[in-house]
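Undergrad: Residue strings, one per chain:
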Amino acid sequence: MFPWNYGFAWDKGHIIFLGVFYTIVLVVLATLLVAAWRTLRDFRRNRAASIVWHENFEDLPRVERACRHACTGELPGRVCELGFNCGQCETHKALVSMLASHSAAPALMKDVIDDSLGVDLPLDRYYHRGHTWLKPESGGTFTVGLDELARRVAANPESMELPGAGTKLTAQSPAWTMHVHGAEVHVMSPIDGEVVETAHGEKGWFLRIKPAQNASFCHLLRGFEVVRWMTREMERVQLMVSESAAIPALADGGAPVDDFAAACPQADWRNISGALFLEN
Amino acid sequence: MIAHNSKSKNARYGMLVDIDRCTGCGACMIACAVENNVPPAAPTANERTGITPMRVVRYEHAGRTAFVPMMCQQCEEETPCVAVCPQNAVELDPATGIVGQIPQRCLGCRYCMAACPYHARYFNWADPAWPAGMEKALNPAVAPRMRGVVEKCNFCHGRWHEAKELAVANNETGPVAYTPACVEACPSRAITFGDLNDASSQVNELARQQGVFRLLDSIGTEPKVYYHSRRDWVQAAAGDSKEAQRG
Amino acid sequence: MASGTLTIVRSEAPADRELILRGLKRCSLSQFSLWVAPWAVLLVFGLYAAFLCLARGLNQTNMDNRFAFGLWIFLDLTVIALGAGAFFTGFLLYILRIRQLRAVVQSAVVIGLVCYSGAMCALAVDVGQPLRFWYTFWYPNVHSMLTEVTFCITCYLCVLMIEYIPQLLKNRKLRQSSGAMVFEFELHKVMVVFAGVGTFLSFFHQGSLGGLFGVLRGRPFAFRDGFAIWPSTFFLFVLSAAAVGPSFIALTTGLVEKIARKRLVTANVYDKLGAISGRLLVFYILLKSIDTLVWVNQTSPSHGFPAHRFYQWSPFGTWMLLAEIVPFGLVPALILLRPDLRAKRAWLMSAAALACLGVALNRFVLTIQTLAVPTLAFDQFLSYWPSWQEFATFGAVIAFGVLVYSFSFRYLSLFPQEREIESLEQDRQIESLESARGLRSPRSY
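Line by line, the protein sequences are chains P, C and L.
With our numbering applied, the first sequence covers 1 to 280.
With our numbering applied, the second sequence covers 1 to 247.
With our numbering applied, the third sequence covers 1 to 445.
Just so you know, not all the hints are guaranteed correct.
[To be verified] Some chain L residues judged to face chain C by a derived CB distance under 7 Å, without partners named: (1) 216; (2) 375; (3) 378.
Just so you know, the hints here were simulated from the structure itself, not pulled from any lab data.
Where is the CB? At the ideal position from N, CA and C, for every residue including glycine.
Could you build the full structure based on these sequences and the hints that come with them?
TA: What follows is the structure, given as structure tokens:
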């Protein structure tokens with residue numbers, strides 16, 4: 001194996017054979033080291049969070065990666081390939097500019113509360129696919145809360161860990177953690193920003209955020225598309241409840257109860273909350 | 001290839017086995033086992049798992065019988081077992097022409113056993129064990145082998161060592177003469193042993209007679225063990241043999 | 001309000017769902033334990049047999065000085081040939097970019113891993129002095145085919161383990177660590193390097209395994225001429241392994257689908273695997289037939305052995321040669337070449353099974369039959385039947401493979417299409433609900 005071992009000779013056979021062997025070992029080790037070094041580099045350059053999100057996103061089932069324009073019916077069947085990063089999407093930009101030219105682009109609607117689904121859906125705020133809302137407040141800050149569906153699915157969490165003031169948040173990365181139905185759930189931050197204040201939902205919100213300088217709002221849902229999307233999400237939850245509890249659970253026109261899990265304990269709420277908060 | 005006329009420094013030890021003289025008594029097998037510290041057969045052993053570096057094979061053909069002493073043929077050309085051993089545990093010693101096995105390096109993969117066309121290699125299927133008292137009969141010049149390694153005839157290399165040491169002590173150079181155990185034990189002197197490189201040696205002379213052949217010549221391993229028989233049905237059994245080349 | 005039927009499928013979440021990826025339906029833990037239990041018993045029993053061989057020596061087997069290689073070597077060769085699906089699928093996907101195979105490449109890696117690691121474990125018991133394994137690396141004989149095999153298979157096993165790591169890191173529990181996810185991402189980016197190295201290594205060790213017997217001039221039954229230092233069996237082994245790899249992947253995927261009772265891949269994946277296998281098989285049979293003719297007419301007679309002499313020993317008659325080429329070679333090849341037959345699952349699976357058996361027969365011929373046929377005129381034809389310890393040890397290898405695969409299947413996502421097939425169902429159901437509510441018109445996918 002090595003030149004000082006018995007039987008080694010600097011002949012063609014040894015050179016070729018051991019040469020190839022050592023080359024392969026070196027190539028494999030080098031590649032592993034490169035992957036490890038790149039991993040460290042990703043952490044140093046703060047790219048880890050976005051990589052983790054993209055990896056998780058790829059593993060989500062197709063039905064959860066539906067494009068926002070598929071939910072509204074504009075582009076049925078379309079699946080997002082960009083991790084809900086609508087700011088990078090050419091199709092989204094084209095659609096929005098086309099709608100804008102007809103003054104039909106979705107926008108925040110002050111003082112409008114939609115209740116077609118039996119829950120209050122205020123349309124004066126942005127909604128994130130991870131079921132949080134982002135409401136513009138005075139002073140350039142925004143408050144973040146859980147939307148009605150998320151509140152009902154994750155009603156009465158056992159515990160909650162909110163980030164303190166000054167914490168930097170990244171869009172699509174965990175903002176706070178809740179312990180619900182015995183499982184740990186990470187709620188995603190809707191945008192890049194910094195936490196200014198925390199509350200425990202007494203004021204109706206959990207965090208007050210000051211958005212980062214270049215924070216993008218493109219990926220947030222607003223206006224009429226919120227209703228369409230929420231309809232679809234409620235349908236998904238109903239289907240998941242039916243499946244896991246083996247009972248029909250279709251809406252019959254009544255208003256949703258405040259605590260889904262208490263009303264239907266046989267369903268697999270861990271999986272349903274995972275689906276809602278876009279976790280694998 | 002038999003003789004070089006040169007007094008080359010290197011020996012090529014070979015044998016001439018006269019099948020017509022072999023009575024099948026098996027004395028060579030016993031002598032070999034004693035010389036080489038072959039352990040008594042384990043309880044699980046049978047004739048296919050026993051260790052017989054020298055093995056006399058009975059060959060019957062059309063009602064007639066011949067006995068063929070088989071041992072390692074010490075192949076010279078692209079020695080199969082040397083070529084295939086993954087650990088270099090087998091080597092053809094250029095000074096003696098003997099194919100030696102290093103038991104301490106043998107992994108026990110048995111590839112050499114698959115490679116050997118003469119089935120001259122034997123595996124230690126069990127731990128060697130000598131009954132109490134029998135260890136006194138062990139030959140101190142030969143190391144016993146452990147379980148799980150291959151062994152074979154090595155032309156009594158221990159005896160060669162002894163002869164070599166004596167020669168070195170007497171400041172003699174050149175190939176040494178010695179006698180393996182089987183040659184010594186044979187009552188009908190069926191086996192002749194010597195240096196094939198030495199044109200004057202008896203083995204060289206005998207190997208040039210009529211009726212000498214090698215086994216499986218057509219495979220091209222160039223064994224250094226020659227067989228002699230005047231019976232043509234025995235000669236036919238050797239396979240499609242080439243005429244042994246004369247010097 | 002909304003009319004229309006909805007199929008409700010009861011699915012109770014299994015007790016170990018923390019470890020199972022969301023969206024993957026798995027049977028209950030008790031059902032899984034029922035599946036695992038008999039394999040675990042077989043594994044333990046086989047380990048006991050292996051222990052006997054290690055403690056008391058190889059006299060526990062029925063191998064002897066004539067049959068130096070027995071059941072274990074034969075099965076090792078077969079299992080390694082079948083596990084070639086791992087390297088070949090990786091090569092087809094990452095290097096030739098046949099994208100349909102993404103659906104089975106992870107499963108193929110696991111199968112390759114268990115095949116190779118199982119073969120190594122069997123070898124550890126097979127050699128007389130297992131603790132001396134490192135001698136082959138320390139004192140390598142670069143001219144021996146077995147040295148080449150040892151080096152290559154060891155390197156390849158390492159590569160397979162490296163390819164398995166990203167799958168492990170994506171387990172539901174492990175992926176919670178962001179370090180694991182980022183490392184998995186970076187590793188996946190360079191996966192083509194490992195696929196390439198794996199292909200190179202696999203090519204050489206599959207070939208060298210064939211070369212093991214092709215170089216034995218002392219065994220004219222197996223000896224072949226070839227190209228440079230490589231006998232024809234070198235190339236035939238590579239080709240047969242590449243040909244049967246996709247068939248084995250198709251076979252195992254079908255088996256897993258049956259046992260898990262769910263669809264894991266779309267039909268076009270089976271079709272692709274079958275087509276590739278069929279084409280390579282027919283090419284292999286052609287070359288093998290040529291090689292056989294050359295051996296019968298030239299190689300063997302030139303070494304003093306007319307070929308028919310080897311087939312006079314019953315039960316190893318000429319029927320074995322014909323069986324290897326026709327019913328277990330040409331027939332499955334022709335079946336797999338026909339798209340209409342490939343489309344029928346039963347035909348595809350039967351052809352795949354025949355092809356795999358054909359390769360097993362080929363390995364058998366080169367190990368057991370080669371050692372059984374005598375070379376010397378005064379040699380007899382001897383027969384060999386493995387001992388229970390040999391069967392049990394190999395049973396342990398199979399049990400080990402099944403267990404590793406079962407656990408991988410349950411806790412990892414081996415079939416990326418599995419979730420798509422399920423989420424397609426969910427999508428369809430949502431769509432039908434929405435169309436019933438008049439939100440949009442139904443659309444077929």
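Undergrad: What hint numbers does the structure not satisfy?
TA: Going through the list in order, the structure violates no hint and respects every one.
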